[in-house]
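*Asks:* Generate coordinates for the entire structure from the input sequences, incorporating the hints supplied.
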Amino acid sequence: IIKRKEWLRKEIKPYNVKAEPPKMYPGRKHFYVEFLDEIRETLVSMGFVEAEGPIVEVELWNFDVLFQPQDHPAREIHDTFRLKYPERKHVEIEVAEKVKIVHETGGTSGSRGWGYAWDRKVSERLILRTQTTSVSARFLYVNREPPVKMFTIGKVYRPDTIDAKHLPEFHQLDGIVMDRGLHFRNLLGILKEFFKQLGIEAVKFKPSYFPFTEPSVEGYIYHPRVGWVECFGAGMFRPEVLEMLGVKYPTAAWGIGVDRVAMVILGIDDIRDLYSQDISFLRSRKIFMR
Numbered sequence: 001i002i003k004r005k006e007w008l009r010k011e012i013k014p015y016n017v018k019a020e021p022p023k024m025y026p027g028r029k030h031f032y033v034e035f036l037d038e039i040r041e042t043l044v045s046m047g048f049v050e051a052e053g054p055i056v057e058v059e060l061w062n063f064d065v066l067f068q069p070q071d072h073p074a075r076e077i078h079d080t081f082r083l084k085y086p087e088r089k090h091v092e093i094e095v096a097e098k099v100k101i102v103h104e105t106g107g108t109s110g111s112r113g114w115g116y117a118w119d120r121k122v123s124e125r126l127i128l129r130t131q132t133t134s135v136s137a138r139f140l141y142v143n144r145e146p147p148v149k150m151f152t153i154g155k156v157y158r159p160d161t162i163d164a165k166h167l168p169e170f171h172q173l174d175g176i177v178m179d180r181g182l183h184f185r186n187l188l189g190i191l192k193e194f195f196k197q198l199g200i201e202a203v204k205f206k207p208s209y210f211p212f213t214e215p216s217v218e219g220y221i222y223h224p225r226v227g228w229v230e231c232f233g234a235g236m237f238r239p240e241v242l243e244m245l246g247v248k249y250p251t252a253a254w255g256i257g258v259d260r261v262a263m264v265i266l267g268i269d270d271i272r273d274l275y276s277q278d279i280s281f282l283r284s285r286k287i288f289m290r
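The sequence shown begins at 1 in this note's numbering and counts up by one.
Just to be clear, a hint being listed does not mean it is correct.
Derived Cβ-Cβ restraints for the label pairs, each shown as a range [stated by the list, open to error]:
| hint | residue 1 | residue 2 | range |
| --- | --- | --- | --- |
| 1 | GLU20 | PRO73 | 55 to 63 Å |
| 2 | THR161 | LEU282 | 23 to 31 Å |
| 3 | VAL142 | ARG272 | 31 to 39 Å |
| 4 | ARG180 | VAL33 | 36 to 44 Å |
Keep in mind the hints are simulated off the structure, nothing from the lab. Glycine is no exception: its CB is placed at the ideal position from the N, C-alpha and C atoms.
*Replies:* See below:
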């Protein structure tokens, strides 16, 4: 057309250098899955290894090994999903015997235990795990020699009313560090460094109580729109827990509500949006990168 100068006799549409090409939507992971993968990469870069555990768990590993008495309110039906069939599963005899001694008398941990008659049948009840600390306990029972740096990310289940901040199933991040000479200040430093790697500088701690750690803290990170958001608990495993697991070295542990952390970092106000299937919403989300 140009050589024969036919363009002089043809009507050609003006060339618009500002015109944008049509939008293309290639396949990608769900934005929350991408976020969880970044969390994993962050912890691996800090020297941690990832572990997994069963979602359907016996109360022994979800509660008893964590020094929660069998009459603790957290075990009631309004706080825990129980299985109807099968209702129970046999537990490891060696672990059960240690748990019985520590719960009833404290064993050689230095405490007096809870002072009640521990029931093995209760520890055999099957539930949907209420915390991923059960994975940490199982891992520590097998890996008793230092150093240990382990984390797990998985879903936990608790009966709850669904709203902008609560779901009956949600993700939790658990971690443990076990080593000679480890102390509480190391734990706080590890948590601060973890959040710093994610771009969160504002972290604060408040004294708290958990049945399986002492000393214990609850932790907050800062959300620019809603202020301080409680999202984790942490502490040093109690001597009773370490005795039941056969561990002789100080161990730091924490559990983080990853969904709440994601809401702060990703700028989401409704926790249900983390699991959205709205295509237009998902396409508009930016990829999170550290």
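*Asks:* Take the hints in turn and mark each one as holding or not.
*Replies:* Checked hints:
no. : hint                         : verdict
1   : GLU20 to PRO73: 55 to 63 Å   : 59 Å, holds
2   : THR161 to LEU282: 23 to 31 Å : 26 Å, holds
3   : VAL142 to ARG272: 31 to 39 Å : 37 Å, holds
4   : ARG180 to VAL33: 36 to 44 Å  : 37 Å, holds
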